[in-house]
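Using the hints, position chain B against chain A.
Line by line, the protein sequences give chains A and B. Okay, so the first sequence: first residue is -2 according to the numbering used here, each after it adds one. Okay, so the second sequence: first residue is 14 according to the numbering used here, each after it adds one.
Wrong hints could be hidden among the right ones.
[Stated by the list, open to error] Within a straight-line C-alpha distance of at most 16 Å, the following computed EDC-like cross-link-like pairs (lysine to aspartate or glutamate) qualify:
(1) A:Lys69 x A:Asp38
(2) B:Lys48 x B:Asp59
(3) A:Lys28 x A:Asp81
(4) A:Lys69 x A:Asp81
(5) B:Lys48 x A:Glu181
(6) B:Lys43 x A:Glu181
Hints in this document: simulated from the structure, not taken from any laboratory.
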Amino acid sequence: MARVKFVFRLLVLAGVAMFLHYVLPQHDVVKVTSTEVIRTDLGSFNRIFFASGDSGSATPDTRDLRLINTQKQNTYILGFIQRDTSRVMVYRNEDTGWIWPPYFKFNSADLQAEAANLTRGDAWVVVTHYGWRNRWLSIYPNAVGLRVVDSPDVTIIPWFNIAFFVFLLIAVVFLRAMWRQLWERAVDPVIDAATHHIDAAQADLAERRGRWFGRK
Amino acid sequence: MAFIKLVIFGFIALTVIYWSIAIYARSVRKERLEKSFDAANPSSTDRAARDAFVTAGMTAYNASVRPKLLGLVYVVPTIVIGSIIYLINMN
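Pulled out of the complex, with its shape left as it was, chain A reads as follows (with noise of 0.2 Å):
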């Protein structure tokens, strides 16, 4: 029973692992090779993977995606040590609009306008993102900045993640304190009563027993 509890415990920690390493933004160093436009038909597989479609459009699920292609400087540990080798990579860029992940992009018209200006010259680029590259689901992780730097070895700081992750901290401990409030507060001092209420009914029905049988 432990090792299933342990088991469970595992799998949930994994799976709230991989959502916030698809919705967090990270960076990468790369040089823009070029953009292009594709048309894409959304399959039930990957279509939870790219921007919602307007609400009041009738078509959602085919739509020419913007596509930023790149060489990438590769990584160690989530991009926190710098390799000397690279590999390409392909973002697409898309609005997210109002809606999930609460980016609030509406420029990818201006973003993909920056990304094919960068085509022109030889700079190198911080591509802030969010989401996954997969090959085999077709998905793409989504641009939202393009930031030109002096080299790739540059040091990013991930402040908004550092900020994310104190606050989800500070979060965690509130709650927990909140719970423990209510239970000694509120859920408590009702069982206790109703512990009470019980044991002194029980009582009650001991002694009415030894009044009708106890006298044998």
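The following block gives chain B in isolation, referenced to the frame of chain A:
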């Protein structure tokens, strides 16, 4: 449409958070008042005096600025969303 949806559901979520924190803060305050009364009058069995002390303390708390600060539950996320919109979409 998506914007209206966000506003409505965001408002509902923040209201839930607001009331949870409000109830929690009141509960903590009340417990502290009870404990301070018990510490000051260790052998008191005067229930009415204890209740009066707690009620007076809660009235003072409700009149103070602290419960009004809870309105920040609505303000801070709005500011955060506003800054995200600005930072993401400016070029």
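Do the hints match the structure? See the list:
1. A:Lys69 x A:Asp38: At roughly 27 Å apart (the allowed maximum being 16 Å), Asp38 (chain A) and Lys69 (chain A) break the hint.
2. B:Lys48 x B:Asp59: The hint holds at about 14 Å.
3. A:Lys28 x A:Asp81: Cα-Cα ~14 Å, so holds.
4. A:Lys69 x A:Asp81: Given that 16 Å is the threshold and the Cα spacing comes to 10 Å, the pair holds.
5. B:Lys48 x A:Glu181: Roughly 14 Å between the alpha carbons, so the hint for Lys48 (chain B) and Glu181 (chain A) holds.
6. B:Lys43 x A:Glu181: holds (13 Å)
Violation of the numbered hints given earlier is confined to hint 1; every other hint is satisfied by the structure.
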